[in-house]
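Model the full assembly from the supplied sequences, consistent with the hints where possible.
2 protein chains.
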Amino acid sequence: MSKKLTNRKTDYSKWYNELVVKADLAENSSVRGCMVIKPYGFAIWEKMKSQLDKMFKDTGHQNAYFPLFVPKSLFEAEEKNAEGFAKECAVVTHYRLKNDVKNPGKLKVDEEAKLEEELIVRPTSEAIIWKTYKNWIQSYRDLPILINQWANVVRWEMRTRLFLRTSEFLWQEGHTAHETKAEALDEAMMINNIYADFSENFLCIPVIKGSKSDSEKFAGAEETYCIEALMQDGKALQAGTSHFLGQNFAKAFDVQYANRDGKLDYVWATSWGVSTRLMGALVMTHGDDNGLVLPPDLAPYQVVFIPIFKSPADLEKIINYIEPTIQEFSKNNISFHIDKRDSFKPGFKFNEYEMKGVPIRIAVGQKDIENSTMEIFRRDKMEKKTIELGTVSSKVEELLIDIQKNIFSKALKFRNDNIRQAENYEDFKNIIETHGGFVSAHWDGTIETEDKIKKETKATIRCIPFEKSSEPGNCMISGKLSKQRVIFAKAY
Amino acid sequence: MSKKLTNRKTDYSKWYNELVVKADLAENSSVRGCMVIKPYGFAIWEKMKSQLDKMFKDTGHQNAYFPLFVPKSLFEAEEKNAEGFAKECAVVTHYRLKNDVKNPGKLKVDEEAKLEEELIVRPTSEAIIWKTYKNWIQSYRDLPILINQWANVVRWEMRTRLFLRTSEFLWQEGHTAHETKAEALDEAMMINNIYADFSENFLCIPVIKGSKSDSEKFAGAEETYCIEALMQDGKALQAGTSHFLGQNFAKAFDVQYANRDGKLDYVWATSWGVSTRLMGALVMTHGDDNGLVLPPDLAPYQVVFIPIFKSPADLEKIINYIEPTIQEFSKNNISFHIDKRDSFKPGFKFNEYEMKGVPIRIAVGQKDIENSTMEIFRRDKMEKKTIELGTVSSKVEELLIDIQKNIFSKALKFRNDNIRQAENYEDFKNIIETHGGFVSAHWDGTIETEDKIKKETKATIRCIPFEKSSEPGNCMISGKLSKQRVIFAKAY
Numbered sequence: 129m130s131k132k133l134t135n136r137k138t139d140y141s142k143w144y145n146e147l148v149v150k151a152d153l154a155e156n157s158s159v160r161g162c163m164v165i166k167p168y169g170f171a172i173w174e175k176m177k178s179q180l181d182k183m184f185k186d187t188g189h190q191n192a193y194f195p196l197f198v199p200k201s202l203f204e205a206e207e208k209n210a211e212g213f214a215k216e217c218a219v220v221t222h223y224r225l226k227n228d229v230k231n232p233g234k235l236k237v238d239e240e241a242k243l244e245e246e247l248i249v250r251p252t253s254e255a256i257i258w259k260t261y262k263n264w265i266q267s268y269r270d271l272p273i274l275i276n277q278w279a280n281v282v283r284w285e286m287r288t289r290l291f292l293r294t295s296e297f298l299w300q301e302g303h304t305a306h307e308t309k310a311e312a313l314d315e316a317m318m319i320n321n322i323y324a325d326f327s328e329n330f331l332c333i334p335v336i337k338g339s340k341s342d343s344e345k346f347a348g349a350e351e352t353y354c355i356e357a358l359m360q361d362g363k364a365l366q367a368g369t370s371h372f373l374g375q376n377f378a379k380a381f382d383v384q385y386a387n388r389d390g391k392l393d394y395v396w397a398t399s400w401g402v403s404t405r406l407m408g409a410l411v412m413t414h415g416d417d418n419g420l421v422l423p424p425d426l427a428p429y430q431v432v433f434i435p436i437f438k439s440p441a442d443l444e445k446i447i448n449y450i451e452p453t454i455q456e457f458s459k460n461n462i463s464f465h466i467d468k469r470d471s472f473k474p475g476f477k478f479n480e481y482e483m484k485g486v487p488i489r490i491a492v493g494q495k496d497i498e499n500s501t502m503e504i505f506r507r508d509k510m511e512k513k514t515i516e517l518g519t520v521s522s523k524v525e526e527l528l529i530d531i532q533k534n535i536f537s538k539a540l541k542f543r544n545d546n547i548r549q550a551e552n553y554e555d556f557k558n559i560i561e562t563h564g565g566f567v568s569a570h571w572d573g574t575i576e577t578e579d580k581i582k583k584e585t586k587a588t589i590r591c592i593p594f595e596k597s598s599e600p601g602n603c604m605i606s607g608k609l610s611k612q613r614v615i616f617a618k619a620y
Numbered sequence: 129m130s131k132k133l134t135n136r137k138t139d140y141s142k143w144y145n146e147l148v149v150k151a152d153l154a155e156n157s158s159v160r161g162c163m164v165i166k167p168y169g170f171a172i173w174e175k176m177k178s179q180l181d182k183m184f185k186d187t188g189h190q191n192a193y194f195p196l197f198v199p200k201s202l203f204e205a206e207e208k209n210a211e212g213f214a215k216e217c218a219v220v221t222h223y224r225l226k227n228d229v230k231n232p233g234k235l236k237v238d239e240e241a242k243l244e245e246e247l248i249v250r251p252t253s254e255a256i257i258w259k260t261y262k263n264w265i266q267s268y269r270d271l272p273i274l275i276n277q278w279a280n281v282v283r284w285e286m287r288t289r290l291f292l293r294t295s296e297f298l299w300q301e302g303h304t305a306h307e308t309k310a311e312a313l314d315e316a317m318m319i320n321n322i323y324a325d326f327s328e329n330f331l332c333i334p335v336i337k338g339s340k341s342d343s344e345k346f347a348g349a350e351e352t353y354c355i356e357a358l359m360q361d362g363k364a365l366q367a368g369t370s371h372f373l374g375q376n377f378a379k380a381f382d383v384q385y386a387n388r389d390g391k392l393d394y395v396w397a398t399s400w401g402v403s404t405r406l407m408g409a410l411v412m413t414h415g416d417d418n419g420l421v422l423p424p425d426l427a428p429y430q431v432v433f434i435p436i437f438k439s440p441a442d443l444e445k446i447i448n449y450i451e452p453t454i455q456e457f458s459k460n461n462i463s464f465h466i467d468k469r470d471s472f473k474p475g476f477k478f479n480e481y482e483m484k485g486v487p488i489r490i491a492v493g494q495k496d497i498e499n500s501t502m503e504i505f506r507r508d509k510m511e512k513k514t515i516e517l518g519t520v521s522s523k524v525e526e527l528l529i530d531i532q533k534n535i536f537s538k539a540l541k542f543r544n545d546n547i548r549q550a551e552n553y554e555d556f557k558n559i560i561e562t563h564g565g566f567v568s569a570h571w572d573g574t575i576e577t578e579d580k581i582k583k584e585t586k587a588t589i590r591c592i593p594f595e596k597s598s599e600p601g602n603c604m605i606s607g608k609l610s611k612q613r614v615i616f617a618k619a620y
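The listed protein sequences correspond, in order, to chains A and B.
Per my numbering, residue 129 is the first one in the first sequence, and the count goes up by one each step.
Per my numbering, residue 129 is the first one in the second sequence, and the count goes up by one each step.
Bear in mind the hints are in silico, worked out from the structure with no lab data behind them.
Treat the hints with care, since some could be wrong.
[Claimed, not checked] Some chain A residues close to chain B (C-beta under 7 Å, calculated; not the full set): (1) Val-159; (2) Pro-167; (3) Thr-187; (4) Asn-191; (5) Ala-192; (6) Pro-195; (7) Ala-214; (8) His-222; (9) Lys-230; (10) Leu-235; (11) Glu-246; (12) Lys-259; (13) Lys-468; (14) Ser-471; (15) Gly-475.
No residue lacks a Cβ here, since even glycine has one placed at the ideal position from N, Cα and C.
If you want it as structure tokens, here you go:
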């Protein structure tokens, strides 16, 4: 693979688009706004899924599956939710095609097969799920319901970008039902903590935990908790959200239960989700001008072997030479791939696996066999070292741990270097314009002020952080009292 | 849970419908023909998925993800395939809703947001995938492509039944591309063998492997291999299919590659799939008048503990008493669930877990503590025994293996007892009418004869079996020469 990746400094957006394709993560499809997730990209998503799935199950959640379609009458039942998604809905109106008599071999919609009621392709599943929960919940004995669903959803986006904003995307959506407000709030908070843990310890993406301002909340939620990450271009990315839905959906779908006092009450709800957007966050947090950089815990294979050979006999010798090492790898759960292709030169392969972000590359040639060595290269620091054969497996084990740590530390340093405090609005505008990043500032809590700032600077409130590191103060616009600083940024 | 399951003899169809709901597998949703797969049912599907996924990966396949929607112009490119699915397509025509001014709070389709080209919700993904493969394949070096996708698909069915025939269902669909015809044929056959292995050894469902007659082939395939199972009511169920697609899709989407001689040639293809229909097959193969019977390899939990207690203190004693046993279970990878609910009586719980098909139930009461015993019940034979405490774990291990074997043997015996040879058409009609089951008979290979039989008896050719146990003969209708017997049955 020839290195033709645009530099991040030259054009970050172009760099991202190129990287996603060149690293074989995803590509645009023939369907407007929908992507094809390629095997290498999908293998990373599968690792994310399996880790998150375990975290959900360990905290008592079960998976289930609900319909792809939402009848319009259900969709509109919770008005705020409906309003929030109505403008970006794919709508199924017919259930049959027929031959187009004017164009032999072509098909057209059969107007006689019009649905009585239109079906919305789910943009999110609260409506269809709460309609179902109504039949499942009679008494407090039926609670809590702790269900998660892995699914595809569709939001008709006008401007799309691979992973970051696509008309169809993959996600998980948790939907829980509880006896009490406190229990539902705890659930929403616990899930937001799981998201943060997953993001920092597995994806190596540092996040700020907080709650959303009213204007940034999920449509239909009372409270939205979130984790916010910072990309290398200084723009924020919302990496996961967990919503306390109050009794809104229970009321919209009339879901009441007999409580412990024998009285009827509405059920309390949460919903929460992360999506294939995390793939975009991963690329933009760790990638460099040579391509993707993958945390070892997430890499489809952690090590790639590149045999340097000119003849099939050479290759065979090398394969025999690495055999004991790969046996040790298997024993130690180190995943690997051996690239035996003879149609590409080693240099090409080096670039290819750098582009794909494989954490460790091991090159083995004739000289290594003579010297009982292997050449080990770590992707995150782009450093190589020649290692004695007997120590390879233990060295690789150490390195994988170190790489996982280093990738996180680097991202954390960048993120922390890019949280700036603004003491007044001039300051604020200046920081947003010249540095970007997160800006911590005082805000009076009103939508008007938020709107003004957004209009004038394009920065939005990313979250009201849970960690109150700052003193009370005065809103930088209105001068009114502010209990704590909030985090602003331009965002994806 | 009160036993109110209809007997299989009284009404097999009603028995099935009730069982699926009472065992908490699935239920109908508010969307016509679409089901909700409940947590217990979904946990079984997850076990199926994870086993199949492993088998695919072990044979070199990778997962990927392609769009939910197929633009109409792509959909109609392979004519036979399009024709096969046109009559059951969900069609997206609009991408926005707007407020219905006449009905405040309601929404209506925004006629201004009409798509230029309609999108079909995928009934299967050959079209969108082959459009994508065109860009991936230039030379023989790019082949083979061995990709699988786990996805939801939609086929607008008029008469639906949970799992067996639903408008939306979950499945996996493999789509492979090859240099040669022989390689593609081998792939299709290998996958059919994987399906048979999975079905018999994991689901305990015996199957007949064979190929489909022309009229039963997949729309767009040259050859369809299949596995056919027999349900307890004597009707057949197609449990999986693997298609050799020839060069049909390569030609429809102009996918050519430079072969080893440097000449352009069309790529050879296969596709293959199994779906949530297997859940229906599982219920109908093993279920009895008490409910579901699950093979231990597939059970969400293999053992359920029912403590027999009257007070919290009793319960605590029992929990302490079973502690060493569950520790041994965990060590030996035996999955279990302890039902500590105090709101239901033991008898109710017994019925509930019989309905859910949990392979082994262990009841523990005060007497067991006194006698150092546990009462073990195996679901498949409805037998219970009192066992000494120290031997419980090893006994359960043995039992789980024995249950898996016994469930298969029982189903195999039933299947074998219900394969009958018909020597002439009178025989044939008589068997179909009085016994049902598989009928092995001679057929002249023509569609006309097949149609006549179908019209007169409702039986279809399930497959032309690979295992040619029978001699050549003469078609029971036309008297023409027949190389081998084929398998007929009425089918789901």
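Outcome of the hint check:
1. The restraint placing A:Val-159 at the interface with chain B holds, with a minimum CB-CB distance near 5 Å, inside the 7 Å limit.
2. A distance limit of 7 Å between C-beta atoms decides the matter here; for A:Pro-167 the minimum to chain B is near 4 Å, and the interface restraint holds.
3. At its closest, the beta carbon of A:Thr-187 sits 15 Å from a beta carbon of chain B; the interface hint therefore is violated under the 7 Å criterion.
4. About 5 Å separates the beta-carbon of A:Asn-191 from the nearest beta-carbon of chain B, less than 7 Å, and the hint is met.
5. At its closest, the beta carbon of A:Ala-192 sits 5 Å from a beta carbon of chain B; the interface hint therefore holds under the 7 Å criterion.
6. Hint on A:Pro-195 holds. Least Cβ distance to chain B is approximately 4 Å, under the 7 Å limit.
7. This hint holds: A:Ala-214 has a C-beta 4 Å from the nearest C-beta of chain B, less than the 7 Å allowed.
8. This hint holds: A:His-222 has a C-beta 4 Å from the nearest C-beta of chain B, less than the 7 Å allowed.
9. The restraint placing A:Lys-230 at the interface with chain B is violated, with a minimum CB-CB distance near 14 Å, outside the 7 Å limit.
10. Given hint, A:Leu-235 at the interface with chain B, holds; its Cβ is 5 Å from that chain's nearest Cβ, closer than 7 Å.
11. Annotation: interface hint on A:Glu-246 holds; nearest CB of chain B at approximately 6 Å, less than 7 Å.
12. Interface restraint check for A:Lys-259: the shortest CB-CB distance to chain B comes to about 5 Å, inside 7 Å, so the restraint holds.
13. Hint on A:Lys-468 is violated. Least Cβ distance to chain B is approximately 13 Å, over the 7 Å limit.
14. For A:Ser-471, the interface hint holds, the least distance from its beta-carbon to any beta-carbon of chain B being 6 Å, beneath 7 Å.
15. Violation of the interface hint for A:Gly-475 is found here, the shortest Cβ-Cβ separation to chain B being roughly 18 Å, above the 7 Å cut-off.
Violated hints, in rising order: 3, 9, 13 and 15; the structure is consistent with all others.
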